[in-house]
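These protein sequence lines are chains G and F, in that order.
Each residue of the first sequence is one higher than the one before, starting from 315 at the first, in my numbering.
Each residue of the second sequence is one higher than the one before, starting from 541 at the first, in my numbering.
To be clear, the hints were calculated from the coordinates, so they are not data collected in a lab.
Hints may be right or wrong, so weigh each one.
What the hints assert, rightly or not - Here are some, though not all, of the chain F residues that point toward chain G, as calculated from beta-carbon distances under 8 Å:
hint : residue
1    : H573
2    : D704
3    : N743
4    : G817
Said to hold, decoys possible - Cut-off 27 Å, straight-line C-alpha distance, at most; resulting in silico cross-link-like pairs (DSSO-like, lysine-lysine):
hint : chain 1 : residue 1 : chain 2 : residue 2
5    : G       : K380      : G       : K359
6    : F       : K748      : G       : K359
7    : G       : K380      : F       : K748
Since this is a predicted model, take the numbers as computed values, not measurements.
Note that beta-carbon positions come from the ideal geometry of N, C-alpha and C, so glycine has one too.
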Amino acid sequence: MKLLRLTGIVLLSAPLYAQNPGYQPDPGWRVPSEAASRPNPLGSKPETAAGGRKLFIRNCVECHGKDGSGMEKKHSADLQLPIVQQQSDGALFWKITNGNLSRGMPSFSKRPELQRWQIVLYLRTLKSATMP
Amino acid sequence: MRLFFVPAFFLLTLWSRVCTAQESPFFVTYTHHMEEPGNLEIETWSTTGIPRNGQRFYFAPYMELEYGVTARWTSELYLESQSALGDSTVFTGWRLENRFRPLKREHRINPVLYLEYENVNEASRIQREIEGGGPDLTSRNALLTSEHAHELEGKLILSSNYHDWNISENFIITKSFSESEAVEFGYAFGAARPLARLASGENCRFCKENFSLGAEMYGGLGSTLDLTAQHTAHYLAPVISWAVGENSTLRFSPGFGLTHQSNPVLLRFGYSYEIQGFGSRVSRLFGRKP
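Based on the sequences and whatever the hints tell you, model everything.
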């Protein structure tokens, strides 16, 4: 019984352990204002977020987790946090494109531009899954 | 069609056991895209030379382990061999290379510095790059393996993304530790792009987004003793890559020799498999914080 209870506690606390709720953004990772103001060219095509989900799984899950909540051990951002979600589409696109190389976030400029916008579109659905 | 693919897959997997990801389709030209930090890419490649008169048919397989040390530093180890028809099969040596990306952000032109130590013999035919006049394609392996080359190779890699095209230029300089040998030069240029700009929502093997097409050109530029592009090997090669799975990629390139010092045709195959989070897994194995 004790073992069962312990297993239950471990299983329930696992997602919390994986998350990175204490994520603090790098103040040096600044997006140029011109880039931040770029609108998402796929903004009127929400159906393309499905492709973004696939790209997210292939490229981002390793560090940000399946639900995008980040990983404390990897110091990766919790993408559900308002501090991330409040950033403009252009800012997120710029960060995916350039990465933050000195902090371990690689550049994904090898992906075609529209695919990077698809990832931005998918990131917005992470917010709606957890936030009211 | 299936009759062709089944034995091809079987041979590739049998030969390589594990193999990488949807990366650049180039075989020779490097881009500024680095391996993701902590990921290990296991790659098996081969170069097959179709001979001219006086040359031998050869097959040169090689294996590459590529590790993303940091987001700006990628390290690779190569093990290579060669088999010539009517001659012998020989281990031709190893190489250790490092690529560094000095700039933090994406620019119009992104430089990468490349430094490689080569401990190979003159029978090496993988032609991962061509410097000087190119490899000796006529002598026998017994003679070539007795000549060892300890070389340092540097490359300046310049790479740009333009409208989903990647356009890259590599400038190569090689110096043997042997004092008698001159400094040799080479080059490689390439341009490639994915077939589709948007990713479909389905998990499909044959979607256009899984394919990249392009072309590269590479060759030797002689040495400090004879700086020339005339009596050296040069190739023009279309390239194609296919991301067959989430972590594995197949590549193919038929290269066409442009000079008499080149093989008329070089056929290149590559299969690679990327292990994500390899560094973290190893760290966990030793009880360390990844």
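* Should the hint that F/G817 touches chain G count as held when the rule is a Cβ pair under 8 Å? -> holds (5 Å)
* Asked: Taking the closest Cβ pair, is F/N743 under 8 Å from chain G?
  -> holds (7 Å)
* Asked: How about F/D704: closest beta carbon in chain G under 8 Å, or not?
  -> Since the shortest Cβ distance to chain G is 4 Å, the answer is holds.
* Is it true that the CA of G/K380 sits at most 27 Å from the CA of F/K748? -> Satisfied, since the Cα-Cα distance of roughly 25 Å is no more than 27 Å.
* Asked: Taking the least C-beta to C-beta distance, is F/H573 closer than 8 Å to chain G?
  -> With a closest approach of 4 Å, the F/H573 hint holds.
* Is F/K748 close enough to G/K359, meaning Cα to Cα at most 27 Å? -> Satisfied, since the Cα-Cα distance of roughly 20 Å is no more than 27 Å.
* Does G/K380 pair with G/K359 here, judged by a C-alpha cut-off of 27 Å? -> holds (23 Å)
No hint from the list above goes unmet by this structure.
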